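*Asks:* Heads up: take any position in the sequence shown, counting from 1, add 11, and you land on our numbering.
Be aware that one or more of the hints could be misleading.
Unchecked claim - Within a straight-line C-alpha distance of at most 30 Å, the following computed DSSO-like cross-link-like pairs (lysine-lysine) qualify:
#, residue 1, residue 2
1, K106, K359
2, K359, K266
3, K201, K87
None of these hints come from the bench; they were simulated from the model.
As the structure is a computational prediction, the values presented were derived from the model and not from experiment.
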Amino acid sequence: MRDQAPVWRSPWGDVFVTRYDLVSACLVNRQLSHVPPNDRNHASDQRSAINEWLMYQEGHAHAAIRQALQQPFVGKGATALEPFVAEAVDLLVSKADLAGVVDVVAAFTRAVPERVIGRLLGVPVEDMPRLRAWSASIRVILDSGFDDAFGPVSNAAEEMSAYFTDLLRDLLARAEMPPLLVGLPPLVDKLGLETAGRNIAFLAFAGHETTVHLIGNMLFHLAHAPSQWASLLSDRRLAASAVAETLRLESPVQKICRWPVKPTELAGQPIDEDQLIVLLIGAANRDPEQFPQPQVFDITRHGRQNLAFGRGAHVCIGRTLAEMEGRLLLEAVLRRWRSLEPTIDGAKWMDNSSIRGLERLSLRLS
Numbered sequence: 012m013r014d015q016a017p018v019w020r021s022p023w024g025d026v027f028v029t030r031y032d033l034v035s036a037c038l039v040n041r042q043l044s045h046v047p048p049n050d051r052n053h054a055s056d057q058r059s060a061i062n063e064w065l066m067y068q069e070g071h072a073h074a075a076i077r078q079a080l081q082q083p084f085v086g087k088g089a090t091a092l093e094p095f096v097a098e099a100v101d102l103l104v105s106k107a108d109l110a111g112v113v114d115v116v117a118a119f120t121r122a123v124p125e126r127v128i129g130r131l132l133g134v135p136v137e138d139m140p141r142l143r144a145w146s147a148s149i150r151v152i153l154d155s156g157f158d159d160a161f162g163p164v165s166n167a168a169e170e171m172s173a174y175f176t177d178l179l180r181d182l183l184a185r186a187e188m189p190p191l192l193v194g195l196p197p198l199v200d201k202l203g204l205e206t207a208g209r210n211i212a213f214l215a216f217a218g219h220e221t222t223v224h225l226i227g228n229m230l231f232h233l234a235h236a237p238s239q240w241a242s243l244l245s246d247r248r249l250a251a252s253a254v255a256e257t258l259r260l261e262s263p264v265q266k267i268c269r270w271p272v273k274p275t276e277l278a279g280q281p282i283d284e285d286q287l288i289v290l291l292i293g294a295a296n297r298d299p300e301q302f303p304q305p306q307v308f309d310i311t312r313h314g315r316q317n318l319a320f321g322r323g324a325h326v327c328i329g330r331t332l333a334e335m336e337g338r339l340l341l342e343a344v345l346r347r348w349r350s351l352e353p354t355i356d357g358a359k360w361m362d363n364s365s366i367r368g369l370e371r372l373s374l375r376l377s
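Working from the sequences, and respecting the hints, build out all of it.
*Replies:* So this is what it looks like as structure tokens:
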């Protein structure tokens, strides 16, 4: 499909894009909207919680929200987060069995990102099960189709947003801002408490959901590639490269959608205004024109940047944090275990076309 029809129109009319250069260009094309046409012109009081997330904003609204949220993720702000992440990683990895078969998803690949994002957003530990349940519901909604996601309001998204709106109100009253919320007071002043709360909910969902799957996918591939695990044991400086290669080969976010604001053309094919374009990130990241032997997990791979976090103005705001969590988790695993082996029927992948990740990953650790 990528070679013969890199821009493919399905029988139901949606357009799928698979080639790296085309997907990359679409990600920075300002004529392709991030917002479904039915929701593009809704008044703010008609929009659901998901509608107001940063990832579905454009223009001045996107710039204002991103500016308020990005401070902890760049420069010294990002560096300051590392002790919080390292502490959570070390605590949870140390609790896992030293030897034997361990479901690493249950033991720490889900718990670490949840603990990190909860602490950085000021969420009490006892509330984390609610965050996990809301995120699971939202994940299903976003994969089921945009009519479902943007039409009837999702109870999970609304409940999660209301929770974070109340949390933010309490934090503002006490003049206490956890690490990821230091830039929120100006956003509240400019856009209101509800919009701010909805975008904290977005950070909570996006800030742990994809990282959970990044970590699980990475351990899966390392367990199935003994030579790569051996390379890491001999040179732990390759940990960051292992994270990058996982993001390329097994991108947690598999697809991103766009809608043309006017008729356009893509690889010689006419595309109607408001036609759904599905950018297949997973396919682009396995394009042999960009990544030689793309099906091979190679932690020494260098070259073109993968598209796991997107590109352009909407590049993932939490990229630095996700990469940091993946690297620190892998370094902790390397310190604790020398052997990482797969087990028979030990992996169960999620049934989700948008997010690639594991529900269960049983590994033999020693």
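*Asks:* Hint by hint, note whether the structure agrees.
*Replies:* Hint by hint, here is what the structure shows:
The suggested pairing of K106 with K359 holds, with an alpha-carbon distance near 23 Å, which does not exceed 30 Å. For the hint pairing K359 with K266, the CA-to-CA distance comes to about 21 Å; that is within 30 Å, so the pair holds. Among the hinted pairs, K201 with K87 is consistent with the structure: their alpha-carbon atoms are about 25 Å apart, no more than 30 Å.
Against the hints set out earlier in the document, no violation occurs for any number.
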